[in-house]
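Visitor: Below, each chain spelled out in residue letters.
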Amino acid sequence: MDYITAIRKQKPLIHNITNIVVANFSANGLLAIGASPVMANAPEEVEEMVSHANALVLNIGTCTQTQVRAMLLAGKTANDQGIPVILDPVGVGATSFRKQAVKQILGEINVSVIRGNTGEIAILGEVGSEMKGVDASTDHINPNIPKQVSRRYGSIVITTGETDVITDGERYSLCKNGVPMLPKVTGSGCLLTAIIGAFVSVADDRYHASVNAVSSYGAASEIAMETVSGPGAFSAALMDSLYNLTNQDVTKRKRIQMFTAQED
Amino acid sequence: MDYITAIRKQKPLIHNITNIVVANFSANGLLAIGASPVMANAPEEVEEMVSHANALVLNIGTCTQTQVRAMLLAGKTANDQGIPVILDPVGVGATSFRKQAVKQILGEINVSVIRGNTGEIAILGEVGSEMKGVDASTDHINPNIPKQVSRRYGSIVITTGETDVITDGERYSLCKNGVPMLPKVTGSGCLLTAIIGAFVSVADDRYHASVNAVSSYGAASEIAMETVSGPGAFSAALMDSLYNLTNQDVTKRKRIQMFTAQED
Amino acid sequence: MDYITAIRKQKPLIHNITNIVVANFSANGLLAIGASPVMANAPEEVEEMVSHANALVLNIGTCTQTQVRAMLLAGKTANDQGIPVILDPVGVGATSFRKQAVKQILGEINVSVIRGNTGEIAILGEVGSEMKGVDASTDHINPNIPKQVSRRYGSIVITTGETDVITDGERYSLCKNGVPMLPKVTGSGCLLTAIIGAFVSVADDRYHASVNAVSSYGAASEIAMETVSGPGAFSAALMDSLYNLTNQDVTKRKRIQMFTAQED
Numbered sequence: 009m010d011y012i013t014a015i016r017k018q019k020p021l022i023h024n025i026t027n028i029v030v031a032n033f034s035a036n037g038l039l040a041i042g043a044s045p046v047m048a049n050a051p052e053e054v055e056e057m058v059s060h061a062n063a064l065v066l067n068i069g070t071c072t073q074t075q076v077r078a079m080l081l082a083g084k085t086a087n088d089q090g091i092p093v094i095l096d097p098v099g100v101g102a103t104s105f106r107k108q109a110v111k112q113i114l115g116e117i118n119v120s121v122i123r124g125n126t127g128e129i130a131i132l133g134e135v136g137s138e139m140k141g142v143d144a145s146t147d148h149i150n151p152n153i154p155k156q157v158s159r160r161y162g163s164i165v166i167t168t169g170e171t172d173v174i175t176d177g178e179r180y181s182l183c184k185n186g187v188p189m190l191p192k193v194t195g196s197g198c199l200l201t202a203i204i205g206a207f208v209s210v211a212d213d214r215y216h217a218s219v220n221a222v223s224s225y226g227a228a229s230e231i232a233m234e235t236v237s238g239p240g241a242f243s244a245a246l247m248d249s250l251y252n253l254t255n256q257d258v259t260k261r262k263r264i265q266m267f268t269a270q271e272d
Numbered sequence: 009m010d011y012i013t014a015i016r017k018q019k020p021l022i023h024n025i026t027n028i029v030v031a032n033f034s035a036n037g038l039l040a041i042g043a044s045p046v047m048a049n050a051p052e053e054v055e056e057m058v059s060h061a062n063a064l065v066l067n068i069g070t071c072t073q074t075q076v077r078a079m080l081l082a083g084k085t086a087n088d089q090g091i092p093v094i095l096d097p098v099g100v101g102a103t104s105f106r107k108q109a110v111k112q113i114l115g116e117i118n119v120s121v122i123r124g125n126t127g128e129i130a131i132l133g134e135v136g137s138e139m140k141g142v143d144a145s146t147d148h149i150n151p152n153i154p155k156q157v158s159r160r161y162g163s164i165v166i167t168t169g170e171t172d173v174i175t176d177g178e179r180y181s182l183c184k185n186g187v188p189m190l191p192k193v194t195g196s197g198c199l200l201t202a203i204i205g206a207f208v209s210v211a212d213d214r215y216h217a218s219v220n221a222v223s224s225y226g227a228a229s230e231i232a233m234e235t236v237s238g239p240g241a242f243s244a245a246l247m248d249s250l251y252n253l254t255n256q257d258v259t260k261r262k263r264i265q266m267f268t269a270q271e272d
Numbered sequence: 009m010d011y012i013t014a015i016r017k018q019k020p021l022i023h024n025i026t027n028i029v030v031a032n033f034s035a036n037g038l039l040a041i042g043a044s045p046v047m048a049n050a051p052e053e054v055e056e057m058v059s060h061a062n063a064l065v066l067n068i069g070t071c072t073q074t075q076v077r078a079m080l081l082a083g084k085t086a087n088d089q090g091i092p093v094i095l096d097p098v099g100v101g102a103t104s105f106r107k108q109a110v111k112q113i114l115g116e117i118n119v120s121v122i123r124g125n126t127g128e129i130a131i132l133g134e135v136g137s138e139m140k141g142v143d144a145s146t147d148h149i150n151p152n153i154p155k156q157v158s159r160r161y162g163s164i165v166i167t168t169g170e171t172d173v174i175t176d177g178e179r180y181s182l183c184k185n186g187v188p189m190l191p192k193v194t195g196s197g198c199l200l201t202a203i204i205g206a207f208v209s210v211a212d213d214r215y216h217a218s219v220n221a222v223s224s225y226g227a228a229s230e231i232a233m234e235t236v237s238g239p240g241a242f243s244a245a246l247m248d249s250l251y252n253l254t255n256q257d258v259t260k261r262k263r264i265q266m267f268t269a270q271e272d
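Protein chains in written order, with this note's numbering: chain A, 9 to 272; chain B, 9 to 272; chain C, 9 to 272.
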């Protein structure tokens, strides 16, 4: 399926409850890929806002109690209306408050897709992980942890790093697209989470949409990297390559290995 | 009148109560055109802050109850001191909360200029409009709705889209400046609203200042577009072209039709 | 000492409690220089977050009561654990609320470094200064005011402008690095404050680290300015030059005069 063309045609409305660091970058990235972003955080309006939306993206960076409340309200409405919910557990290992917030969200809301770095997903699996801040930890390609987290919450789980793992609890895919400059731009992971929301919102098969989103984003970053020498120029070039990205670019560049449950 | 030179000479202080998505972009755009931005949202300080300012810009994106309260406090002080108030009713059609916020602001504050897209302004005229998120809706060049909204609230009203309409309720102008890349950058409308604040703050005639602001911003976007191929590069180039913009550029590029009340 | 290499090796975690305007820019600048930024503002989590950090950066722009509370909580924990605290009193002269916030922070927290423009530092010295918004005021190279503020609070004090002054109350340095485009980018001062946090976090001698941070940032801005003609391109180029900056660049470009206490 050509997800990119579908997004540009359908212009899905992606409702983001997100943090003050990445709100602008996420909105611009969603516009660049062809989706229609809306940011709304007030508990007073999130239920009504999400009811117009095609996906809800929850991001716990710079989270407050009020925002957690808004996420729960929006998430429940999304669940009631069959709108997919995507969760980014930013820095979940760093504080009890974030751990508690994520626990509550995953306890009360059916989350379609969770995307984090290896350390963040390990925390969700309660397999322990030393975390420092919100950066990506060293990359261990171990599909078992994301698979375990996936089964536990009934969500597609994605860990990103040098090799990305996408799993629905049975099947998993490894994706090698992307460039080392990505983690040098704040919110590059958060933007991928939002873009997964856009892909999933136009898809019949959320697992394939997730794999394609991860690979597409990685491909866009590779194109962006061709002309730059630092994270400032890269950040702008990433927007441009998302804007100009085609399904052919992704097909040509994708470096994905897919594993069925049996091969596990 | 050469508004751009006046702004660079007077460096008007523009107090923005705005959202987490566009705060950075608006501040940078105001600096680029030559104004002096200040962002302050806390009810505890907005009255004192606005009393130093030359214009107050209210933007309801990612609004909360507390921020609405801050807007009302700042707006009243601005009114008392003759400081122009500019309103951007971002996504007003999307939720009752935003509709209520705008209603309260327009009920309690004299707003000098309202800028929105066609759908947002239609909501203010209660002429109905299907809205989805905060993006521009399809462009209908109908000066009657903005004129009606203008008369209702005693404000200059501006709708932006492929053709922009600026009206004081009697006269109206159509402006054809601008590029299709503008709505691909989040906050490009919000920044125009802030820049209108800068133009109005140095003007005797707010209607002409508004027309000139819209045309100047459009001209800057046209210059920016000449060298770029995506929204990331465009966004940076827009800052550069605002920074380097001259009144001559605007005079040369302006595509404005002005209509007096009689021609209506 | 080669601070830049030390930062890239140690990747110090810099916890920022900062405003909605500059959060993204500060995070990206910290990543570019090689540090690991984390933004966390909720009183519920700041004590735990800062306990992982190597420096705490407090920035009062778009401050609220809740954020001041978070700053005090985080600051006390930082003090208890010997983590350096850096303060940016953004626009402290503009409102009583900001003055009160800074007074409370400086009253309850031991702050290692304070960085502001000349007007902001003058306010802290209660020597009076007409302030308008948050922009840099005209540059008066008078080391006496920062020295006085330094002695009063036991902090290293830095005023930035055309000539920067860095003082520990006895010694002071003047730094001439930097470009006039810096104040045309919102948050350029705030980012310097954050970067001072990174330098101080890897240093034995905080005074020398502060001088080097100011000079390094100025040098990076000079390199960035070589290829651009406006603040949009400059902003991205600054990220790139921070990312590619070496100690040799700084040594070659530094324009610092150091004065011992005796020469005063």
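Among the hints, a few may not be true.
Identical copies carry no separate label here, and so any pair may be met within one copy or between two of them.
[Said to hold, decoys possible] Computed cross-link-like contacts, SDA-like style, restricted to lysine to any residue with a CA-CA straight-line distance of at most 20 Å:
{"#": "1", "residue 1": "K260", "residue 2": "Q156"}
{"#": "2", "residue 1": "K262", "residue 2": "T171"}
{"#": "3", "residue 1": "K19", "residue 2": "N255"}
{"#": "4", "residue 1": "K84", "residue 2": "E56"}
{"#": "5", "residue 1": "K260", "residue 2": "A14"}
{"#": "6", "residue 1": "K19", "residue 2": "G169"}
{"#": "7", "residue 1": "K17", "residue 2": "K192"}
{"#": "8", "residue 1": "K107", "residue 2": "E55"}
{"#": "9", "residue 1": "K17", "residue 2": "Q89"}
{"#": "10", "residue 1": "K107", "residue 2": "M233"}
{"#": "11", "residue 1": "K19", "residue 2": "N185"}
Quick caveat, the hints were computed from the structure, so don't treat them as lab data. Remember, predicted model here, so these are calculated numbers, not experimental data.
Visitor: Between the shortest in-copy and the shortest cross-copy C-alpha distance, which are at most 20 Å for K17 and K192: within, between, both, or neither?
Guide: between (32 Å within a copy, 15 Å between copies)
Visitor: One pair to classify: K19 and G169, alpha carbons no more than 20 Å apart. Within, between, both, or neither?
Guide: Close across copies (18 Å), not inside one copy (29 Å); limit 20 Å.
Visitor: Is it within, between, both or neither when you check K84 against E56 at 20 Å Cα-Cα?
Guide: within (12 Å within a copy, 30 Å between copies)
Visitor: With identical chains treated as interchangeable, where does the CA-CA distance between K260 and A14 reach 20 Å or less: within a copy, between copies, both, or neither?
Guide: within (19 Å within a copy, 40 Å between copies)
Visitor: Should K107 paired with E55 be assigned to within, between, both, or neither, using CA atoms and 20 Å as the limit?
Guide: For K107 and E55, the Cα distance is within 20 Å only across copies (15 Å; inside one copy 24 Å).
Visitor: Using 20 Å as the alpha-carbon threshold, which applies to K19 and N185: within, between, both, or neither?
Guide: Neither: 25 Å inside a chain and 25 Å across chains, both beyond 20 Å.
Visitor: Checking an output row: K107 and M233, CA cutoff 20 Å. Within, between, both or neither?
Guide: Neither, since 34 Å and 43 Å both go past 20 Å.
Visitor: When no copy is specified for K17 and Q89, does a C-alpha distance of 20 Å or less occur within a copy, between copies, both, or neither?
Guide: neither (22 Å within a copy, 49 Å between copies)
Visitor: Within a copy, between copies, both or neither: which one fits K262 and T171 at a CA-CA cutoff of 20 Å?
Guide: within (12 Å within a copy, 41 Å between copies)
Visitor: Is it within, between, both or neither when you check K260 against Q156 at 20 Å Cα-Cα?
Guide: Neither, since 32 Å and 54 Å both go past 20 Å.
Visitor: Should K19 paired with N255 be assigned to within, between, both, or neither, using CA atoms and 20 Å as the limit?
Guide: within (16 Å within a copy, 37 Å between copies)
Consistency note: the structure conflicts with the earlier hints numbered 1, 9, 10, 11.
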